[in-house]
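Asker: Sequence:
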Amino acid sequence: MSEQALRKDAEQNRRRLIEAGRELLAERGVEATLNDIAHRAGVGIGTAYRRFPHKQALFDAVFEQQIDELEDVLRTALADPDPWAGLVFYLERSVALQARDLGLAQAFSGRRLRPEQHDWERDRLAPLVNELVSTAQVQGVVRPDVTGTDLVFLQIGLIAIAEAARSGSATPSTSADATDLHRRYLWLMLDTLRTHPHESMPLPVGALSTDDAHRLLASRTEPGR
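Residue numbers 505 to 729, in our numbering, belong to the letters of the sequence shown in order.
Think of the hints as simulated: they come from the structure by calculation, not from any bench. These numbers were taken from a predicted model, which means no experiment stands behind them. Among the hints, erroneous ones may be present.
Lysine to aspartate or glutamate pairs mimicking EDC-like chemistry, simulated, CA-CA at most 20 Å apart [to be verified]: (1) K512 / E523; (2) K559 / E523; (3) K559 / D576; (4) K559 / E531; (5) K559 / E527; (6) K559 / E620.
Work out the full structure, taking the sequences as your base and the hints as a guide.
Answerer: Quick look at the structure:
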C-alpha cells in the first residue's frame, strides 16, 4: 500500500472512531470505553490506540466538534434581526443537543470536564452567549439583570429534567410521553427572562399529572437503573 493510501486509510479510521465515539458518548456518557468505541467503529483496538493514545484524546476530538456546532448555533442566533427570536433559537437548539447526548450534557454541566475543555467553552462560547444577552437587553426584550452565566445554569437545570424524563421513559411507567418534557420548562423559563409586559407564550408540551410525575421519578430509583 502506498504512503498516500496509508494516510487516507488512517484518516478514514480516525473519522470512524470519532463518529463511533460521538454515538457512544451520546448513549452512555463518559463510561464508554475505547474498546467499545473501536468495536462500534469496526476497527481493531490497536488501530484505535494508534489514532488516539487514550479515550480522553478521542473524547477531546468529539468535544471539539460539539463546540464547533454550538458556536455555529450561537452565530446563527446572533445573525437573527430579532434578538428575542435569536435567544429562543439558541436555547432551544442548545438544550435539544444536550437532551439527546448524555456525554455533551455531562460536559456542559461540569461533570467529567477537564480544565482544558472548560477553557474551550469559556473562550469560544461564553463571549457569544454574553453578546446574545446584551443585544437582547439593548433592544429591551430581556431583563437588564440577566447575564450569560444565568443561561448556563438554567440549561443545567433543564438538562436534569431531560435526563430524568429519558431515564423514566425507558420503561412504560407513565401514561404520558415525557420525552420532550424539558421543553415545557424551557418555555416557562423564557417567560421569566423577558421584560414585561408581554404576551405569555403557549407552552409546547403539556404537564405530567401528579401520578405520572411520581411514577417517572420513582422509576429512576429502581434497582439497576
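Asker: Given the proposed pairing of K559 with D576, does the C-alpha separation stay at or below 20 Å?
Answerer: 26 Å, violated
Asker: Quick one, are K559 and E620 close enough, alpha carbons at most 20 Å?
Answerer: Answer holds: K559 to E620 is near 15 Å, not above 20 Å.
Asker: Can you confirm whether the C-alpha distance between K559 and E531 stays at or below 20 Å?
Answerer: Holds: K559 and E531 sit about 16 Å apart, inside 20 Å.
Asker: Can the restraint linking K512 and E523 be considered satisfied, given a maximum Cα separation of 20 Å?
Answerer: Answer holds: K512 to E523 is near 17 Å, not above 20 Å.
Asker: Hint check: K559 vs E523, CA-CA at most 20 Å. Holds or violated?
Answerer: 14 Å, holds
Asker: Do the alpha carbons of K559 and E527 lie within 20 Å of each other, as the hint requires?
Answerer: Distance ~14 Å between K559 and E527 Cα, so the pair holds.
The structure does not agree with numbered hint 3 stated previously, though it agrees with all others.
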